[in-house]
Amino acid sequence: MPTVTPAPSISPNAEPNPQAGQLIVFTGPSGVGKGTLVKELLKRNSELCLSVSATTRSPRPGEVHGQHYWFLERAEFAAQVEQGKFLEWAEYAGNCYGTLSTTVDEQVAQGRTVILEIELVGARAIKAVLPHAKRIFILPPSLAELERRLRDRATDNEEAITKRLDHAQIEIAAASEFDFQIVNDDLETALAEIEAVITGN
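The numbering used here puts the first residue of the sequence shown at 11, with every later residue one more than the last.
Because the hints were derived from the structure by calculation, they are not lab data. Certain hints may be false.
List time: in silico EDC-like cross-link candidates among lysine to aspartate or glutamate, alpha-carbon distance up to 16 Å [claimed, not checked]:
no., residue 1, residue 2
1, Lys95, Glu73
2, Lys144, Glu203
3, Lys44, Glu168
4, Lys144, Asp189
5, Lys44, Glu198
Pairwise CB distance ranges, derived in the manner of DEER restraints [said to hold, decoys possible]:
no., residue 1, residue 2, range
6, His142, Asn105, 24 to 32 Å
7, Pro141, Glu168, 36 to 44 Å
8, Ala119, Ala154, 38 to 46 Å
By construction, the Cβ of each residue, glycine as well, lies at the ideal position given by its N, Cα and C atoms.
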């Protein structure tokens, strides 16, 4: 069962500061293409910045500490939870993931648009503590296409793929909870729809 502990460092009842930036939350099933979308958005929009999450899982090939994730030992992660350093955190598939609150606070206060790419449980926690955040759920065109993408990624064994697909069905059922649902079928179309959400158009 996922565990989540929100640690709000921004008052959930505060009105949005018109001079501050905004928080954009991305979630969706593993393999749906969230990372690719975020990478392209950052490349095209210099005013956007990515909040780097912390995790206890091992790095995948090519992943860099501090760039893709902050890779922490479980004891170190737990210590930071105890110190209230996470805006939200959750345990998923045996590993912990979390958003460090200080970095997000500082960037939003400076007028930046901050992107969070997080799991469903964490996205729900963000809604509870930061209701003004815009939350986007990325959907696959179909479960069959999602399975193809997971297999093409070649980072998981058969058991892990099966677990991810089972979990994906639970996640997709929660899509209606989010402010916006965008199907990642054609990359350019999905990017245009996300940019419209960010700009309010």
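Checked hints:
Restraint check for lysine 95 and glutamate 73: the C-alpha separation of about 23 Å exceeds 16 Å, so the hint is violated. With a C-alpha separation of about 13 Å, the suggested pairing of lysine 144 with glutamate 203 holds against the 16 Å cut-off. The straight-line distance between the Cα atoms of lysine 44 and glutamate 168 is roughly 22 Å, outside the 16 Å bound, and the hint therefore fails. This hinted pair checks out: lysine 144 and aspartate 189 have alpha carbons roughly 7 Å apart, not beyond 16 Å.
At most 16 Å may separate the alpha-carbon atoms for a hinted pair to count; lysine 44 and glutamate 198 meet this at roughly 13 Å. The given range of 24 to 32 Å is respected by histidine 142 and asparagine 105, whose C-beta atoms sit roughly 29 Å from each other. The hinted range of 36 to 44 Å is satisfied by proline 141 and glutamate 168, whose Cβ atoms lie roughly 40 Å apart. Distance hint for alanine 119 and alanine 154: a CB-CB separation of about 44 Å, consistent with the stated range 38 to 46 Å.
The structure does not agree with the numbered hints 1 and 3 stated previously, though it agrees with the rest.
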